[in-house]
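2 protein chains.
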Amino acid sequence: MRIVVDAMGADRRPEPDVAGAVLAAREWGDQIVLVGPEDVVKAELARHETAGLSITVVHAPQTIEMHEHTDAVKQKRDASIRVGMRLVRDGQADAFVSAGNTAAVLASALFDLGRLRRGPARVRRPALATIYPVAENPVLLLDNGATADCRVEDLYQFARMGAAYVEKVWGIPNPRVALLSNGEEADKGNMLVRDAFAFLQQSELNFVGNVEPKEVTRGMTDIVLTDGFTGNIMLKTTEATASFLMRHLKRELTAGALNKVALALLVPGLLAMVPGLLLLSPALRRIARRLDYAEYGGALLLGVNGVVIIGHGRSNAKAVKNAVRQARRAVENNVLEVIRSSIVEGSERGEDES
Amino acid sequence: MRIVVDAMGADRRPEPDVAGAVLAAREWGDQIVLVGPEDVVKAELARHETAGLSITVVHAPQTIEMHEHTDAVKQKRDASIRVGMRLVRDGQADAFVSAGNTAAVLASALFDLGRLRRGPARVRRPALATIYPVAENPVLLLDNGATADCRVEDLYQFARMGAAYVEKVWGIPNPRVALLSNGEEADKGNMLVRDAFAFLQQSELNFVGNVEPKEVTRGMTDIVLTDGFTGNIMLKTTEATASFLMRHLKRELTAGALNKVALALLVPGLLAMVPGLLLLSPALRRIARRLDYAEYGGALLLGVNGVVIIGHGRSNAKAVKNAVRQARRAVENNVLEVIRSSIVEGSERGEDES
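As they're listed, the protein sequences go chains G and X.
Under our numbering, the letters of the first sequence match residues 1 to 354, in that order.
Under our numbering, the letters of the second sequence match residues 1 to 354, in that order.
Be a bit skeptical, because a hint or two may be false.
Said to hold, decoys possible - Derived pair list, reagent style DSSO-like, types lysine-lysine, alpha-carbon separation capped at 30 Å:
1) G:Lys318 with X:Lys214
2) X:Lys318 with G:Lys214
3) G:Lys214 with X:Lys214
4) X:Lys318 with X:Lys168
5) G:Lys214 with G:Lys42
6) X:Lys76 with X:Lys42
7) X:Lys74 with X:Lys42
8) G:Lys214 with G:Lys168
9) X:Lys76 with X:Lys318
If you are wondering where the hints come from, they were derived from the structure by calculation, not from laboratory data.
The structure displayed is predicted, hence computed values, not measured ones.
Produce the complete structure using the sequences and hints provided.
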């Protein structure tokens, strides 16, 4: 398998991007292609032991900054993101991984890969899919940031793509699809949600109605469907709340002599490791891991003509490595064909660009 | 002060509603008016010791069920919610408290109290304001559920109402107003957020730009501005995440003999009280209290011509009592005039109903 990694993606690029690529190459033996300014990437690579690993560098002299917009993506044809996408488009690589500016990766995926087609029909808008981190069962949340303003037909297509993915990749037959809303009743929600509810009820999907966030955490659906703005707020609220609580819990648990004795009993030897203090047991460690974006790596971009994983800007080497793992799993599971199979007549037709 | 409490509001009505009203009457000595079917309310009231308290009952034979809609509110003129609102409208009470169906309370407030006016201008849409529970400083979140679909002018009016409230009631001069978004840059957000950003930047408000949820928890604003759908999802995601983590933390902390010894050291005597297990210290207890809706009581409905507090459907007696506390504080602080002062020309004019 051949996976392209954007060497200039993460906030602290190229350090975590290159280090993560090296870790991935070592762990799975895949061919890794790093894209970025050749001298910068090679200098960074020289800091690692890479003997026996299959890592090559493809020169991409331009870089898209975190604050730059879609226009910059259009103009910078030689940016690392765009060079990486074209390697995928031209069949020279199986997947592309970037921890860069989400909007820029998305724009480049649309320009360079295009939207996924099946016969005359094609996906109208892409969606970012990720596992929602605090739920009793695996839950796929989409869209979490690709399409902020959605129409009903977009949500329907997201649901079909998500259902195909969960059924074929996770092995859950006829997965449950729920709409994120501010109440369970059919008349709850904003205009988009109310219209989508009526539409989904008539559809062939296993639509289980509206869910509030607490039902999501309790595992009452396999797929949570929402527009990219709300999905992103939900995911970031979850991370912010967990981080706030963990921060305060740590502060409290490390204050006071008696607490220190008690904690030494709870986790012998762990007391000195304040950042790991809350990892009191394997199960708690599992919770903390699920909340750690470095563990899940990134989000899968559904609806474009190639496998693209978008990582967190704050990615460290482990997060980049795990984003590569996601990419290789997607390729192994033939995700592109799985998603293509979900496109139906009634999706967008024709050649217009938007 | 005279406060009307809906006896038929909470999911388990009339028990928590009546019990909470009794607690409030005892604590603050206010006149409490309970509205509901007289026989039901009096029977419930008879279960309490009410000697010396000023509690009266006003008969309201109809009840609006949790699943009923705006039409039911229009038709049931003698429902407890509507009778309560009219007592406020007619000057027979200072405030109304209900733990009932939010949509029904809102509809009744609009029918019976009407929207707040200042000269020819009036509020176009109401907003529910509440304190966001996980932030390093007090943060007012609005709208959290009154107006799911907003226009830019609604968000601007919410911001003016919120700023007037925070300045006059919390005593924070020139409070910071931030827009909830999926990124800090001006071009992040959905269409509404992008348009509102441009508008607020030109306004007289102390607009500090977009905030993501993590900036809210870190106290980087005094007011978080959002449409009622997104605000409700944010609040409920916060509650669901905290509840998920607390549940798992409890499960882990009570598993294993060594943990039990350690916990006994941490909180002597508390070990038997599993529900309170995490209240390891006063500060942690403060966090848990902030996350407990029973502590904050309810949300303040801004933009209607009367003081209305809407409590959580799952309210217990303590929550109802604290909702009464919020109502009396709002009356003491003359919130209605504070909010009225925020209405400017450019708000809705004329007599149309919507």
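* Asked: Between X:Lys318 and X:Lys168, does the CA-CA distance stay at or below 30 Å?
  -> holds (27 Å)
* Starting from G:Lys214, check that the Cα of G:Lys42 is at most 30 Å away, please. => violated (48 Å)
* Asked: Quick one, are X:Lys318 and G:Lys214 close enough, alpha carbons at most 30 Å?
  -> holds (22 Å)
* Regarding the pair G:Lys214 and G:Lys168, is the alpha-carbon distance no greater than 30 Å? -> holds (27 Å)
* Please work out if G:Lys214 and X:Lys214 have their alpha carbons no farther apart than 30 Å. => holds (20 Å)
* To do: Verify the proposed pairing of X:Lys74 with X:Lys42, using a straight-line Cα cut of 30 Å.
  => Cα-Cα ~26 Å, so holds.
* Has the given pair, X:Lys76 with X:Lys318, been kept, meaning a C-alpha gap of at most 30 Å? -> Given pair X:Lys76, X:Lys318 holds - Cα atoms ~29 Å apart, limit 30 Å.
* Within 30 Å, alpha carbon to alpha carbon, are X:Lys76 and X:Lys42? -> holds (22 Å)
* With a cut-off of 30 Å on the C-alpha distance, tell me whether G:Lys318 and X:Lys214 pass. => Distance ~22 Å between G:Lys318 and X:Lys214 Cα, so the pair holds.
Hint 5 from the list above is the single one not met by this structure.
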